[in-house]
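Engineer: Top to bottom, those sequences are chains A and R.
Going by the numbering used here, the first sequence opens with residue 1449, and the numbers climb by one from there.
Going by the numbering used here, the second sequence opens with residue 246, and the numbers climb by one from there.
No wet-lab data here; the hints were simulated from the structure.
Quick reminder that beta carbons are idealized off the backbone N, C-alpha and C, glycines included.
A portion of the hints provided could be inaccurate.
To be verified - Simulated restraints, written as ranges between beta carbons of each label pair: (1) R1526(A) x L336(R): 31 to 39 angstroms; (2) R1525(A) x S271(R): 32 to 40 angstroms; (3) D264(R) x D1594(A): 14 to 22 angstroms; (4) A1593(A) x E263(R): 20 to 28 angstroms.
The lines below spell out each chain.
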Amino acid sequence: MHREALAGNPNPSRHLQALHFLGALARINKLRARKSPPSRRATALGGRRITRAAYAAMAVAAGPRRAWSRAILLGLRRNSIAKPFLIKKRILKPHRELRDVGSRAEELRRLLPGARRMEFGSLLDETLNYIHHLTAQVGIMQKIADSLCK
Amino acid sequence: MSSRRLRSRQSSSTRITEDQIIELVSKLQALLPESRIRGNDRVSASKVLQDTCNYIKSLHREVDDLSERLSQMLATTEMSSAQAAIIRNLLTQ
Chain A
1449 MHREALAGNP NPSRHLQALH FLGALARINK LRARKSPPSR RATALGGRRI
1499 TRAAYAAMAV AAGPRRAWSR AILLGLRRNS IAKPFLIKKR ILKPHRELRD
1549 VGSRAEELRR LLPGARRMEF GSLLDETLNY IHHLTAQVGI MQKIADSLCK
Chain R
246 MSSRRLRSRQ SSSTRITEDQ IIELVSKLQA LLPESRIRGN DRVSASKVLQ
296 DTCNYIKSLH REVDDLSERL SQMLATTEMS SAQAAIIRNL LTQ
């Protein structure tokens, strides 16, 4: 069932992520082109749309096997901007200087979509996968930005 | 009823063993940007989790910043002409 086994490609999920994001970007760009001239507000809105597209691309590439990707896709389907990571000025609980693994795990559960009630071992596993796709997404966006610069 | 602490109550149906947790923690440690400096020195699980949280937060910020940048660039650049270059760039890893 692994995508990697199906394609001869060493990294099909990453390509899927890149192409999905690029397609979304093209759609967003098309929407923007209809409403010209671009206002400052439109640019800010475009930024949020692009952020949403970024997480959608990650979730699609990860597939429905992951709690975090399901949480993202569900949140997008409800047409709501997923709160945990799109509201920048979020006030977290006061940070206690505990070395306790438990409290660190709690913070991780707040950061990871769909991880609220997750058992510790699964939490670590999900985190690894999430970071994998997140770093891939940053790389994709960086490459696109570089290409657009030239 | 799930226990959230590292030393979870060992029931006969525990899916993930403590050894597997140790392995996952070390895999996380290897991913962190700090590991380039620390090398393979063992770090406490609590520190790994703390660094992981910080890393995820910084990655979220990067995605936000890049989204802003892309939004501004798309407003000024014609994307269709750059598409071939973008795709070529993306698909050659």
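Engineer: Compare the structure with each hint and give your call.
Structural biologist: How the hints compare with the structure:
no., hint, verdict
1, R1526(A) x L336(R): 31 to 39 angstroms, "holds (33 angstroms)"
2, R1525(A) x S271(R): 32 to 40 angstroms, "holds (36 angstroms)"
3, D264(R) x D1594(A): 14 to 22 angstroms, "violated (42 angstroms)"
4, A1593(A) x E263(R): 20 to 28 angstroms, "violated (43 angstroms)"
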